[in-house]
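Q: Under our numbering, the first residue of the sequence shown is numbered 94, with each subsequent residue one higher.
Treat the hints as calculated values from the structure; they're not laboratory data. Fair warning: this is a prediction, and the values are worked out from it, not measured in the lab. Here a beta-carbon is modelled for each residue, glycine too, at the ideal position from N, C-alpha and C. Treat the hints with care, as some may be off.
Said to hold, decoys possible - With a cut-off of at most 20 Å between alpha-carbon atoms, the simulated EDC-like pairs for lysine to aspartate or glutamate come out as follows:
no. : residue 1 : residue 2
1   : Lys210    : Glu223
2   : Lys299    : Asp116
3   : Lys133    : Glu150
4   : Lys142    : Glu225
5   : Lys299    : Glu150
6   : Lys299    : Asp276
7   : Lys210    : Glu190
8   : Lys252    : Asp276
What the hints assert, rightly or not - Restraint ranges, calculated between C-beta atoms of paired labels, are given here:
no. : residue 1 : residue 2 : range
9   : Asp272    : Pro182    : 16 to 24 Å
10  : Thr307    : Glu122    : 31 to 39 Å
11  : Leu118    : Pro188    : 22 to 30 Å
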Amino acid sequence: MTDLQERGHLLTEQVNPNSLNLDQLNSLELVELFNVEDQKAVAAVVGAKQQLAEAIERTAEALHKGGRLFYIGAGTSGRLGVLDASECPPTFCTPPEMVQGIIAGGPSALLKSSEDKEDRREDGAAEMREREITYLDVVVGITAGGTTPYVHGALQEAKVRGATTIFMACVPSEQVPADVDIDIRLLTGPEVLAGSTRLKAGTATKLALNILSTSV
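Modelling step: build the complete structure from the supplied sequences, incorporating the hints.
A: So this is what it looks like as structure tokens:
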């Protein structure tokens, strides 16, 4: 088993001590717990503000020169990227090719999970070749737990092609390092439901993508 496949130690996979008694809470207590935990998503974005600012500057420069912005991810991370990209044309009147979202498994994975696709590093690289990524482009690899081979394959290929590479994850770099131009870590901590990164990690990711796409 490779380092990228060993996930038990990751921050996003750990048990949240505040939700050990989750099944014993009443409705109001559940709402209060989620409200408290969700504040950590906002704090995580604040903690990455310098890296986000750098990402905005590099992306704005690339788009000004005729480059494109790509989000790539699997599962929830991929869906969030596709969502943000799809909102750009109606919000900013941008051409659809300027900001694109790519999800492991293709469009069908937006509605039906296809976890096996995220393990194929070569598929991520193929996505970059298919879209003819160049030095003008920016590629944002989104992976809450930081280990998705599909995303790492895409970022590696994008880097070889000279694109600006950005990594967006919810685990510290000490747990999962990344050889990229800009490393954004949204440290939201363990989820209320252990390992369910559609929760705080997903919320922080959406906040960060909102900031990036709106600011460029």
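Q: Against each hint, give a clear statement of whether it holds in the structure.
A: Status of each hint after checking the structure:
1. Lys210 with Glu223: holds, 17 Å
2. Lys299 with Asp116: violated, 28 Å
3. Lys133 with Glu150: Given that 20 Å is the threshold and the Cα spacing comes to 26 Å, the pair is violated.
4. Lys142 with Glu225: violated, 30 Å
5. Lys299 with Glu150: holds, 19 Å
6. Lys299 with Asp276: Given that 20 Å is the threshold and the Cα spacing comes to 16 Å, the pair holds.
7. Lys210 with Glu190: violated, 24 Å
8. Lys252 with Asp276: holds, 14 Å
9. Asp272 with Pro182: 16 to 24 Å: Violated - the Cβ-Cβ distance for Asp272 and Pro182, about 32 Å, lies outside 16 to 24 Å.
10. Thr307 with Glu122: 31 to 39 Å: Given a distance of about 35 Å, which is inside 31 to 39 Å, the answer is holds.
11. Leu118 with Pro188: 22 to 30 Å: violated, 48 Å
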